[in-house]
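Novice: Listed below, chain by chain, are the residues.
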Amino acid sequence: AQSVSQHNHHVILSEAASLELGCNYSYGGTVNLFWYVQYPGQHLQLLLKYFSGDPLVKGIKGFEAEFIKSKFSFNLRKPSVQWSDTAEYFCAVGLPSDMRFGAGTRLTVKP
Amino acid sequence: KAGVTQTPRYLIKTRGQQVTLSCSPISGHRSVSWYQQTPGQGLQFLFEYFSETQRNKGNFPGRFSGRQFSNSRSEMNVSTLELGDSALYLCASSFFSSGQGGETQYFGPGTRLLVL
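These protein sequence lines are chains F and W, in that order. So the first sequence is numbered by the working numbering: it starts at 1 and just counts up by one. So the second sequence is numbered by the working numbering: it starts at 1 and just counts up by one.
Looking at chain F on its own, in the form it has when it is part of the complex:
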């Protein structure tokens, strides 16, 4: 069955630390890949997406993600986090006529 795995449920970092959130999926066909963010009290927002081309994708607010096809991974990175990055992050895989989300990773950035 197709699934999306986010390895970390809760990550706690200090400001200026580097961030990497893992995401793996199990689907053999062509997929579209997304990272969404949900800030406290706000709705889901698209951070970045990958459909094709350069496997290193840059998104909003300094986030980037790298698609590694051989590892079925799409990890999210940010070189230096800020307190305002505190939120829940969801990896998602777009399948034909379907969308599967990971369980989410809660990021807490301490000032």
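For the record, the hints were derived by calculation from the structure and aren't laboratory data. Hints may be right or wrong, so weigh each one.
Listed next, the in silico SDA-like pairs over lysine to any residue satisfying Cα-Cα at most 20 Å (straight line) [said to hold, decoys possible]:
| # | chain 1 | residue 1 | chain 2 | residue 2 |
| --- | --- | --- | --- | --- |
| 1 | W | K57 | F | K58 |
| 2 | W | K57 | F | Y27 |
| 3 | W | K57 | F | L95 |
| 4 | W | K57 | F | K61 |
| 5 | F | K58 | W | R9 |
| 6 | F | K58 | W | Y106 |
| 7 | W | K57 | F | D98 |
It should be emphasised that the depicted structure is a prediction, and the values quoted were computed from it without experimental measurement.
Go by the hints and put chain W onto chain F.
Specialist: Leaving out everything else, chain W in the frame of chain F:
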């Protein structure tokens, strides 16, 4: 463009009742998807509508249904509410663009349903 709007934002119902939630997609978007978000199960896909037709359906009981109108607005209905139906119900609209690399969903703020 205005974003995805959902009404109502909050709803309290009792077991056994039925509820209808509404979603207005971004202008020009013809696809509308519905999701249920709970702390225990995370985000789960309910169904997707495109041009008034259900294109795909998740693994939810028949008490959950939906429809889409000719103006792309969508409603979802839950009949015979159960306590476990308490959740945030999210609507997302999408537009396919080959120039932008495919289809991207834009989410509304959600309707928070509490079943007592």
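Novice: Look at each hint and say if it fits the structure.
Specialist: Cross-check of the supplied hints:
Between K57 (chain W) and K58 (chain F) the CA atoms are separated by roughly 32 Å; this puts the pair beyond 20 Å, and the hint is violated. A C-alpha spacing of about 18 Å is found between K57 (chain W) and Y27 (chain F), which places the hinted pair at or below 20 Å, so the restraint holds. With a C-alpha separation of about 13 Å, the suggested pairing of K57 (chain W) with L95 (chain F) holds against the 20 Å cut-off. Between the alpha carbons of K57 (chain W) and K61 (chain F) the distance comes to roughly 34 Å, so the proposed pair goes past 20 Å and is violated.
As the CA atoms of K58 (chain F) and R9 (chain W) are separated by approximately 32 Å, the hinted pair breaks the 20 Å bound. For the proposed pair K58 (chain F) and Y106 (chain W), the alpha carbon gap of about 18 Å is at most 20 Å, so the pair holds. For the proposed pair K57 (chain W) and D98 (chain F), the alpha carbon gap of about 8 Å is at most 20 Å, so the pair holds.
Violation of the numbered hints given earlier is confined to hints 1, 4, 5; the remaining hints are satisfied by the structure.
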